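Residue 248, in numbering that gives the first Met the number 0, is where the sequence shown stops; the numbers in between run on with no holes.
Because the hints were derived from the structure by calculation, they are not lab data. Each hint should be verified, as a subset may be incorrect.
Stated by the list, open to error - Derived DEER-like restraints, expressed as beta-carbon distance ranges:
| id | residue 1 | residue 2 | range |
| --- | --- | --- | --- |
| 1 | V49 | L156 | 29 to 39 Å |
| 2 | F217 | M46 | 46 to 56 Å |
| 3 | M45 | E132 | 24 to 34 Å |
| 4 | T143 | P179 | 43 to 53 Å |
| 5 | L50 | E170 | 48 to 58 Å |
| 6 | P122 | A100 | 24 to 34 Å |
| 7 | V146 | Q74 | 28 to 38 Å |
| 8 | F217 | D107 | 41 to 51 Å |
| 9 | Q149 | T244 | 15 to 25 Å |
| 10 | R95 | P179 | 46 to 56 Å |
Note that the structure is predicted; figures quoted are calculated from it, not measured. Where a beta carbon is used, it is the ideal one built from N, C-alpha and C, also for glycine.
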Amino acid sequence: MALLETLVVVFGIALLGAVAVVVKTRLFPVPESEEPREDVAEYIAMMVSVLYAIVLGLCLVSVWDTRSAASDHSQAEASALHQTYLLADALPEDRREPLRAAARTYADHVVDVEWPMMAARQPLAPEGWRLLEELRRAGEVGDTATVSQQIAAQEVLAQLGYVDDARRSREAAAEERLSPVLWAGLVLGGFLTLAFMFIFGIHHTRTHVVMVMGLAGFIAFTALLVHQLDEPFGETLGTGPEAFTRYFE
């Protein structure tokens, strides 16, 4: 969701809250003679606000950790792949270009094929693992290789092991979701926070409208923020393929 669309949604929800206040005030006006209940209202509002803040904090920490982990795994995978590409210079001449070509093909597949699938929350096909296996075969050397070339081939295998581990972690990060329990707490907490604004009467309609608009807009914004961060490879706040495109243009 683009920034403009997010602002439109937040403003729309805030405006809807304001309309609800006006309708509630017209249909169920608060009698001037009603005994004030500010103490009860403040106590309940405080408890709900504290609990909602805790749930919101847990949601933000959870989705941010997933997003950060996705970025770290992608960077580690791209870095190890780039090291593999550079190590081709130390291999026998007939193995250099096949290894470079296999590394470029793998990077192109990750950027052009897998990244859009991860952004769309689609499971990845086994094609990426097949390309990684081709990378391993491209880095193998024969018995005629010198000692230094055999050492370089072992280092290539070590770097490809890092690529393997980072790839598994990247796939796992793409499949992670915010806990449904936290989503339920986030939605229920926001609903209760707004509901208590209607339960306890406020004689000044203008003040009531401003308070509900601000609170409704803030709750909508935080819910959308959590939703965007819950997509670690999404287009808006997710991790992009820059780690690969920086090394393999």
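**OP:** Could you check the hint for me, namely that Q149 and T244 are 15 to 25 Å apart, CB to CB?
**Re:** For T244 against Q149, whose Cβ atoms are near 32 Å apart, the range 15 to 25 Å is violated.
Original post:
Quick one: are M45 and E132 within 24 to 34 Å, going by C-beta?
Top reply: With a Cβ separation near 59 Å, M45 and E132 fall outside 24 to 34 Å, so the hint is violated.
**OP:** Using the beta carbons of T143 and P179, state whether their distance is inside 43 to 53 Å or not.
**Re:** The hint (43 to 53 Å, Cβ to Cβ) is violated, given that T143 and P179 are roughly 59 Å apart.
Subject >> CB-CB spacing for P179 and R95 relative to the 46 to 56 Å hint >> reply: 51 Å, holds
**OP:** Given the range 28 to 38 Å, decide if the beta-carbon distance of V146 to Q74 lies inside it.
**Re:** 33 Å, holds
Original post:
Does the hinted range 46 to 56 Å hold for F217 and M46 at CB?
Top reply: 18 Å, violated
Subject >> D107 and F217 - C-beta distance against the hinted 41 to 51 Å >> reply: For F217 and D107 the Cβ distance comes to about 43 Å; the hint holds.
Original post:
Measuring from beta carbon to beta carbon, are V49 and L156 in 29 to 39 Å?
Top reply: Hint violated: Cβ distance 54 Å, outside 29 to 39 Å.
Original post:
For the pair L50 and E170, does the Cβ-Cβ distance stay inside 48 to 58 Å?
Top reply: Violated, since L50 and E170 (Cβ atoms, about 35 Å apart) do not stay within the stated range.
**OP:** With 24 to 34 Å as the target window, see if P122 and A100 comply at their CB atoms.
**Re:** Given a distance of about 27 Å, which is inside 24 to 34 Å, the answer is holds.
Going down the numbered hints, you'll see the structure goes against 1, 2, 3, 4, 5 and 9, while the others check out.
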